[in-house]
Each structure stands twice: as structure tokens, then as C-alpha cells.
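Enquirer: With the sequences and hints as input, model every part of the structure.
2 protein chains.
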Amino acid sequence: VGRWEPDIRVKLQEAALTLYLENGFDQTTAAQIAKLAGVTERTFFRHFADKREVLFDGSDALKELICSSVAEASLSKPPMDALLHSLVVVAEIFDNGRKDFVRKRYDVISANPELRERELAKLADYAIGIAKVLKERGMDELRAILAAEMTMTVLRVGMQQWVHGDEGETFATVICKLFTELRAVTEEA
Amino acid sequence: VGRWEPDIRVKLQEAALTLYLENGFDQTTAAQIAKLAGVTERTFFRHFADKREVLFDGSDALKELICSSVAEASLSKPPMDALLHSLVVVAEIFDNGRKDFVRKRYDVISANPELRERELAKLADYAIGIAKVLKERGMDELRAILAAEMTMTVLRVGMQQWVHGDEGETFATVICKLFTELRAVTEEA
Chain A
154 VGRWEPDIRV
164 KLQEAALTLY
174 LENGFDQTTA
184 AQIAKLAGVT
194 ERTFFRHFAD
204 KREVLFDGSD
214 ALKELICSSV
224 AEASLSKPPM
234 DALLHSLVVV
244 AEIFDNGRKD
254 FVRKRYDVIS
264 ANPELREREL
274 AKLADYAIGI
284 AKVLKERGMD
294 ELRAILAAEM
304 TMTVLRVGMQ
314 QWVHGDEGET
324 FATVICKLFT
334 ELRAVTEEA
Chain B
154 VGRWEPDIRV
164 KLQEAALTLY
174 LENGFDQTTA
184 AQIAKLAGVT
194 ERTFFRHFAD
204 KREVLFDGSD
214 ALKELICSSV
224 AEASLSKPPM
234 DALLHSLVVV
244 AEIFDNGRKD
254 FVRKRYDVIS
264 ANPELREREL
274 AKLADYAIGI
284 AKVLKERGMD
294 ELRAILAAEM
304 TMTVLRVGMQ
314 QWVHGDEGET
324 FATVICKLFT
334 ELRAVTEEA
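Protein chains in written order, with our numbering: chain A, 154 to 342; chain B, 154 to 342.
What the hints contain is simulated information worked out from the structure, not anything from laboratory work.
The list treats identical chains as one, so a pair stands whether inside a single copy or across any two.
Simulated crosslink set (DSSO-like; lysine-lysine; CA at most 30 Å straight-line): (1) 275 <-> 252; (2) 288 <-> 257; (3) 216 <-> 275; (4) 275 <-> 330; (5) 288 <-> 252; (6) 204 <-> 164; (7) 204 <-> 275; (8) 164 <-> 188.
These numbers were taken from a predicted model, which means no experiment stands behind them.
Expert: In C-alpha cells, the structure reads:
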């Protein structure tokens, strides 16, 4: 793997998203993606196991990022404060020039039931990871599960809102807004 | 469809769950299910489109039940109080002798990634339905989405806890317990 490789990887991802959005995920082949990116099909398969992996390739890294962010959060009371703060840290990474990619990916996944199911399974797996971290940090198991699930709900709903929301609004701002709504939904007026 | 049909339907469901748990979902055929239930394969297909439908056949009815329960809930403040009350109404139906079926179904789905993804997609669809009802009742859209997602989180986590929890504990009790945890997670100590 040479030092030019990251560029090719990004090019392949962008080519893939373009084709998925134009022609549909099911109709697109690895060969077409490679061609649009100006590389051989073999090069495609050196970077991605299959065309679905182009969409889910960053999932493990994101899970690790969220879990380590939760592991480092100060678990003040109420725990959701700290958890949402750790989400803001993650959101800021997305705000760093990734909106276009995230939106395209979101639109591709939304248009395809199988990909939607796959994405939900990934997020459910993140929640299990977060709950594990919280439990290791001494939180009661049931509480940890619930807190983890709520954290992922905020991330998921936040992403929906962000990708098709105001251009000027950051993901971090959306997360903070959801936090306020969460209070409104659960607390006494 | 004669008046003996409901029994056959239940028999087929029970036979299916038995075989899914014993031999795995992928390894089981409609013919085997029919045989165990003492009917022909043709009878199986008069009741279910395929072997997956045996597991998801009640989904639409459950969605309707939850949505109508939310539609009738008094939306006091905070909204989660009313929403969780409507979940308890649903839980009481499950408590009426359905635990064994729900547990077996849960175990079959948990053991199979594709079924898990399918189940998550179903629950995501319920959340969309609940959010729609809440919005129609005048709730702000973002708040409605979040409240609906949290309702489904409580239902999903509650089911996990209930099916493998204490035999004497009702689903309704588990839902109430989760409600308390939800407060603990979101509110100031």
C-alpha cells in the first residue's frame, strides 16, 4: 500500500456514492465504481471487500471512537449530560468537512431496505458497546443499557436532522438541540 | 377459512418456533413445520407467505395497537409519562399468557443476524408511526420523533429484560421499572 492510497480510497468512495445515488445501489457494480474512479476492478477489491463495504467500512472506527469517548466522559449526574457531551465530541469530527459524504451515504442507505436494516444493526451494535463501557464504569446494567440506547437514538435522529437540515447548522448544534428536546420529553414542565 | 383455522395457525406457529430453536431458522423448511403441526404444506402456505412470516405476522397488528394506544393517551407533561402508560397497556396484553411464545420468538430472532435486522427495521417503522400520531396531536416534529424513538427503546429493552427475567415479573412491571431508570438517566439527582 503506497502513500497515494488514501486518495484512491476516497475517490472510490465518492465514485460509489455517485453511482449508488444515480443508478441505485442494487444496479451498481464494483467494475463501474472502479471505472468512474479511474482504477481497475482489482484495485477496488484491494480496498473494499464488496460494494456494501464502501458504505460500512468506517463503522468499526466510529464505534471505537464513540466508545472511547464514553469511556472518558465524566459520569456526572444525570449521566445523559456526560453522554451527550461525548456525542458532541464525535459530532465535531463529522462537522469537519464530512457533511457531503455523510449526506450522500445517508440518502443511499435510506433508499434501500436491506441497507437500512444493516445500518440499524450497526447502530444496535454500537449501543451494546456503549452499554458495556458504562457497565465497566460501574453503572447498573439496566441503566447502562437504557443510557446507551438513548445515546444512539440521539446520534441517529441527530444525523437524520443534520444531513437535510440548514446548511449552516453543525451536527454538534443539532445534538445539543436534541438534548434540550430530550429534557422536554422526559421532565416535568 | 373455517372456524377451526385459528387453532391450526397457532399450531403452525408453535411448530415453527420449536423447529427454529432446535435446528435453526435457516435449516427449517415449511414442509417440516407443516409436518410437525400435522397439516399439509399447502395448509402452511394458506396461513403464511413464507417461514419468515411466521415470526413477523403479528407486526402490523402490534404497530396498530401501539399507535392507537398513543393516539388515545392523555398527553400530559412530561409526554413520556403518557407514552409509557400507553406501553403498559400494550404490555398487559403480552402478560396475558403470551410470554412463552414471545420468548421463543425472541430467541429465534436473536440467533439470526438477518432476522435481527428485520426486527429492528420493524421497530423503526413503529417509531415512525408513533411519531406521526404525536405530530398529528400537535407535538413539535423533532420532539415527536424523539419521544417515539424513546418509547420504542423502552419497549425493545423491556422485552429483552422480560423474556429472560424473573418468571413472576410481568412485562408491565418491567416497563414501569424502565420508566424509573429513564428518569434516573436523564434527570438531575
